[in-house]
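Build the full structure now, drawing on both the sequences and the hints.
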Amino acid sequence: MAYELREGVYRQPGATKNGTRSLSPPNHERGDQRARELHTVQVPRTEEMSGAEKVVGVIGGSGYIASWLVKLLLLRGYTVRATVRDPSDPKKTGHLLALEGAKERLHLFKAELLEEGSFDSVVDGCECVFHTASPVLFSAADPQAELIDPALKGTLNVLRSCAKASSIKRVVVTSSMTAVLFSAKPLTSGIVIDETWHSDPEFCEKSKLWYMLSKTLAEKAAWEFAKEKGIDLVTINPGYVIGPILQPTVNLTVQTILNFINGPTCPLNAATNFPMIPLHNFKDLSNEALATHCPSGER
Numbered sequence: 004m005a006y007e008l009r010e011g012v013y014r015q016p017g018a019t020k021n022g023t024r025s026l027s028p029p030n031h032e033r034g035d036q037r038a039r040e041l042h043t044v045q046v047p048r049t050e051e052m053s054g055a056e057k058v059v060g061v062i063g064g065s066g067y068i069a070s071w072l073v074k075l076l077l078l079r080g081y082t083v084r085a086t087v088r089d090p091s092d093p094k095k096t097g098h099l100l101a102l103e104g105a106k107e108r109l110h111l112f113k114a115e116l117l118e119e120g121s122f123d124s125v126v127d128g129c130e131c132v133f134h135t136a137s138p139v140l141f142s143a144a145d146p147q148a149e150l151i152d153p154a155l156k157g158t159l160n161v162l163r164s165c166a167k168a169s170s171i172k173r174v175v176v177t178s179s180m181t182a183v184l185f186s187a188k189p190l191t192s193g194i195v196i197d198e199t200w201h202s203d204p205e206f207c208e209k210s211k212l213w214y215m216l217s218k219t220l221a222e223k224a225a226w227e228f229a230k231e232k233g234i235d236l237v238t239i240n241p242g243y244v245i246g247p248i249l250q251p252t253v254n255l256t257v258q259t260i261l262n263f264i265n266g267p268t269c270p271l272n273a274a275t276n277f278p279m280i281p282l283h284n285f286k287d288l289s290n291e292a293l294a295t296h297c298p299s300g301e302r
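Going left to right, the sequence shown walks through residues 4 to 302 as this note's numbering numbers them.
The hints are simulated quantities; they were obtained by calculation from the structure and are not laboratory data.
It is possible that some hints are incorrect.
Claimed, not checked - Result set (SDA-like, lysine to any residue): computed pairs, CA atoms no more than 20 angstroms apart in a straight line:
(1) 167 <-> 224
(2) 188 <-> 171
(3) 167 <-> 211
(4) 156 <-> 97
(5) 230 <-> 302
(6) 113 <-> 146
(7) 156 <-> 199
(8) 209 <-> 146
(9) 209 <-> 147
(10) 211 <-> 223
(11) 172 <-> 124
(12) 230 <-> 169
(13) 223 <-> 252
(14) 156 <-> 121
(15) 223 <-> 169
(16) 167 <-> 130
(17) 188 <-> 169
(18) 223 <-> 184
(19) 172 <-> 159
(20) 57 <-> 112
(21) 94 <-> 112
(22) 223 <-> 204
(23) 95 <-> 263
(24) 232 <-> 147
What the hints assert, rightly or not - Pairwise CB distance ranges, derived in the manner of DEER restraints:
(25) 206 <-> 143: 28 to 38 angstroms
(26) 203 <-> 279: 20 to 30 angstroms
(27) 261 <-> 211: 34 to 44 angstroms
(28) 123 <-> 144: 45 to 55 angstroms
(29) 106 <-> 191: 45 to 55 angstroms
(30) 193 <-> 106: 50 to 60 angstroms
(31) 252 <-> 110: 40 to 50 angstroms
(32) 94 <-> 123: 19 to 29 angstroms
(33) 261 <-> 169: 39 to 49 angstroms
(34) 194 <-> 143: 24 to 34 angstroms
(35) 254 <-> 100: 15 to 25 angstroms
(36) 227 <-> 265: 39 to 49 angstroms
(37) 187 <-> 106: 46 to 56 angstroms
(38) 199 <-> 243: 20 to 30 angstroms
Glycine residues also receive a C-beta, built at the ideal position from the N, C-alpha and C atoms.
What follows is the structure, given as structure tokens:
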């Protein structure tokens, strides 16, 4: 049984029967309607144009989460400065330029995570900066170059640029639950995981959990730098963010979910032991992090 991604829903091409159970074809009309609802961002009237004449930066603007963030910010009236590796590549920018309000209030910048000073002109004049750019790879031939350096050095380069900009009131870093959960501590039913938890870098390195290590080191460095420079920092630590995509390519998170569904066996442990979060919940968290009443220094 294989599924494909179409307009934000997982589609089952047809029914199958294996002798023990049968699955009927899904209601495609209902599925397509649900997909359209998920793609529609409804902004309360009290918040419409709440960002008028305000400028917000989004680092890594063409990514899965960042694309939705750009869309939400534009709908709220913000002027958005988003970074991409290649502004001239329509595969990376076409979906952003097609967003409502993009023609008037979206500005794309070329920037490189490992290039110090690359973000100076982007963040100067912004009130808030969302840093979402970091490689998502669960295997790497060269973990240092492919994961750790872009995550760690990239985060510090963004924060260094933010430290130079007097206009910035807050920086929001998209971290990950992988920077929270991974240590030698046994996760028993009596354990309560909260914002005080941090993954253990030594455990991650010993276990060759390179993505987890990259996110852990990057967040740790972000908090230390923010404290040193007096930056108002908030981090968001989601698990798998699942939902419809805006960009034309399938991101790793969605591909992983498809692999769970399409595999010869369903790896339930892998699917259930790592928390998942619906996209609309993450958007709500991002909006809350943007608000000045959200306490600084929070995860």
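Taking the numbered hints from earlier one at a time, note which ones the structure violates and give those numbers from smallest to largest. Hint check: 2, 3, 4, 6, 7, 13, 15, 17, 23, 24, 25, 27, 28, 31 fail, others pass.
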